[in-house]
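Undergrad: Protein sequences, first through last, are from chains V and P.
Numbering-wise, the numbering used here puts 102 at position 104 of the first sequence, and it's gapless, one number per residue.
Numbering-wise, the numbering used here puts 851 at position 224 of the second sequence, and it's gapless, one number per residue.
Simulated from the structure, these hints should not be mistaken for laboratory data.
Certain hints may be false.
[To be verified] Within a straight-line C-alpha distance of at most 20 Å, the following computed EDC-like cross-link-like pairs (lysine to aspartate or glutamate) qualify:
no. : chain 1 : residue 1 : chain 2 : residue 2
1   : V       : 159       : V       : 69
2   : V       : 89        : P       : 718
3   : V       : 226       : P       : 673
4   : V       : 203       : P       : 756
5   : P       : 631       : P       : 756
6   : P       : 747       : V       : 205
7   : P       : 631       : P       : 925
8   : P       : 926       : P       : 834
9   : V       : 89        : P       : 709
10  : V       : 226       : P       : 670
11  : P       : 747       : V       : 91
12  : P       : 747       : P       : 724
This structure is a prediction, so every number in the text was calculated from the model and none was measured.
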Amino acid sequence: MNLTDFTWLAAEYHLPSLYSCRIPMSSMNSVQARAAPGPATVRLALIRTGIEVFGLEYTRDALFPSIRTMEIRIRPPERVALTAQVLHAFKVDEQAGGTQYSTAPISREVAHASGPLTVYIRVSSQETARWTAMLRAIGYWGQSSSLASCIGVYESSPDPKECVTSLRNWKSHRPLEPFFSCILSEFRNGALSWGQVMPVVGAQKVETLTLDIYVWPLVISEQHGRGKLLLRRAFT
Amino acid sequence: MTEKQAIYELSICARVAWQAHSASNAGNNGSNRLMPRHQLLADGHETDACSGNIAKHHHAVLLAEYLEAAGSPLCPACSARDGRRAAALIDQPAYRDLTLERIVRECGVCDAHGFLVTAKNAASDGSAEARQRLSKHSLIEFSFALALPGCHTETAQLFTRSGESKEEGQMLMKMSARSGEYAICVRYKCAGIGLDTERWRAALFDEQERLTRHRAVLAALSDSLLSPQGALTATMLPHLTGLRGAIALCTTVGRAPLYSALQEDFVERLSALADEACTVYPFETIDAFHRHMQALIEKTCPSMPTACRTPLEK
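Isolated chain P, as found in the complex (with noise of 0.2 Å):
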């Protein structure tokens, strides 16, 4: 088995090319207007915004998928897409002790994408017992993607259905259109697959299982990128036209480094951060993004920090 080159964090800053997508909306005004996302920027520009919510989602799901295809092992709520995960369980009897190491030991989506059981009181009368708050932060984050200012545009679009009777009618509704330049970012913090990340201990003892979850992870990643999913996806479907940005890899405890995507020259400034213990892959094309993926699923894996290894490891 070749060596694989162990990583602590990794980040994505990236700007991203749709157009004609309605992939994350505000809501809408009753039921003949969806309103699209803006954000105010620090600069006074008022601009398009895609929520990360709605990528985290997407990639939780596709991860549940390649989870499955390699067999590894996924909770009964996350294995019907019950997007509680943990918490969906303390319910049922074969879970009632359900700690956070069993949590992390036996749902690689719940290990990655994080889950909260809340904490509870015990009743006075003595009818429920107190639960302790069990815990994981997500792994990955997404942030809000942000157009470019002077780089978006948006085209309302007149849709029509018809209603279940005759007598309901045709119903309009106006939904936007929109094309833009976006600037995203990504961290996935892969030296916490397997760990208690409250006190940083060892949950996972299997390296091989948590190998599988770390790649998994970045597939799903990878297909994040390329195959754009959200609101709307059913009929607006967003056309990718480009993507270029920069992969950052810490191999040291700490933090991979992200630098936003709007500012002209932040691929220079994310290369210029190189070190040791940060290598950083600026792509220009979604071949190239792919290619560097392809190449982090087969040659890396998470690292282990210090704190977690056996005294020999250490």
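Extracted from the complex, chain V is given alone in its bound form (with noise of 0.2 Å):
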């Protein structure tokens, strides 16, 4: 067999409750959710169930190279509530040395999802044994408390018109305007190290993600109140 053979994994979520992840560049006091994770955080879901199931040496010298290059698709669930809640929030003063907190209410949108999240990785054929255990091992996705259920890991390869796409790889002369967008974050590239990705005190900082617009294949179906409901559509 050949080494270098790549094949797709597919990961199953079941999202049995509601989930929240916030949209990069949202404020804080208003924050939108998306209605599934982006790349940048399956890469890093993937270095946190990594470090949990074989260690945190193994995660950086053998699986974070090839977690920052992987390619990465992700097919929303098929349909998708999100709401804005009213939370109580706390703020951390940093001018009085990170100690005081005031409290004060946020929006938050949450989401709620039915049908499976589909995560798809392309990884090496002779290591799928353990990119499985780790996809299974992802207990949530954005804030800990936004539960996953992994439900399935099998091979199979991703339906393009299904996945989340960059606008950039926008290839369609279709109008874009019925499907949701928003800005998602991506590795800023192949080459960052683990010290820029898990930093140390003293470290330069450096920007690590890139921003970008996406689109999902996701129509909203009706405004509700406060809330929306989104139903996956394959782009056309």
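Dock the two chains into a complex; use the hints.
TA: Printed below as a string of structure tokens:
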């Protein structure tokens, strides 16, 4: 077998309750949520679960080089309902040394989904077992209370028409208007070092993420009070 | 000492019935209307909801009480029930060089419910040093409680209260008393007790103390479901009228399954996931749930992940 053979692994996640993945750049006082995690969120989740399952050194030395460069595709759930919830938030006052907190009501969108969220990663065919173990161990997307449960990992190629795509890669001449779009983050490039992604005190701060506009294969079905319902529809 | 079953993670998926409560609200409209919390579901129904934040807060308070009763150490912030937890200590001289290991060793509430000490850059004039971010994710997570569509109702109750003086007169306020059957999920990552879960390294090497904390977390979790708490419970303590669902235990690294109790067949689906690494205990009543939790308190201990064991233990 050729050692450079690659295969797509698909991991399906059941989202049993509400979840909230913040859209980058949205105000902390009025948080907008996306329908599913973006590519950088998937890479960071793989790093986190890699450390848990295989240990820090193995993740840093053996897994991280693949995690930072692997191809990722994300297919959102069939239906996603977004509702803005008023929450009680604590804000750290840095001027006071980080020990003073103020409290204020904020608005944060939270999502409820039906149908699984599917994450696809392209990995070496020789290493599907270890990536399967890591995909199975991912327990949340976004906030740690955004519970997720992996219901299956199998080999399958993504359908590009049903996965989120960067506006840069949008090839169709059809109008974008009905599709839900938002800013997502992605690793800046495939040459990021471990120390840049997992910084330590005193290290020079480096921008590790880039922001771009992405289009989701989701259309707004209805506005419902303070909420909106999105339905998955393949790009044409 | 009898051999205890080491568990890595535990989850509870349940339907809980609360009557006439106002446990979680979305704020108020001035001083005359308290707004209940609603959530749009993916099937288009708008349903009643209770935030998981309030359940987590209640669990943390109960946990502190159990740990104190067991003689387990708490940091000064958690002893005073300060919600900032370890972050409240960093300006105290005795905690200037605070480390994650020290926080985990010295406080069972910070260990179980997590904490965040924010990073800080050094001041350009040298008056303040840089600070490394110290954090630990919570080991126990509560979902929103979502009322089953068609199984909830809301009654506006008129409350009156008197002002402080005669001139202020009587104030009227409408508050909703809500009733329904709610779907909830809870996840407890037992293996993270006493660990730095950013690096998955052991910070607490005393297995007896890990066991004490684990038992306290389970006892507080049992109480949280059997004795509901939340907003306005001083005058609208919920009537608990039903609790059914399933407890899933995972004994090896990985996640205990979660499946929404909004689905009619959630107990059957969870039960079908049982295998040699995952045990599922269905329950239909509050007493059956209580018996399962008592058995878990007596017969289980938190597992130590392989990466954290000493070379002799591996």
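Undergrad: For each hint, tell me whether it holds in the structure or not.
TA: Results for each hint:
1. 159(V) x 69(V): holds (16 Å)
2. 89(V) x 718(P): holds (17 Å)
3. 226(V) x 673(P): holds (11 Å)
4. 203(V) x 756(P): With Cα atoms ~16 Å apart, residue 203(V) and residue 756(P) stay inside 20 Å; holds.
5. 631(P) x 756(P): With a Cα-Cα distance of about 46 Å, the restraint between residue 631(P) and residue 756(P) is violated, given a limit of 20 Å.
6. 747(P) x 205(V): holds (17 Å)
7. 631(P) x 925(P): holds (8 Å)
8. 926(P) x 834(P): holds (15 Å)
9. 89(V) x 709(P): OK: residue 89(V) and residue 709(P) at ~15 Å, within 20 Å.
10. 226(V) x 670(P): Between residue 226(V) and residue 670(P) the Cα gap is close to 11 Å, so the pair holds against 20 Å.
11. 747(P) x 91(V): holds (11 Å)
12. 747(P) x 724(P): holds (14 Å)
Hint violations for this structure: number 5 only, all remaining hints satisfied.
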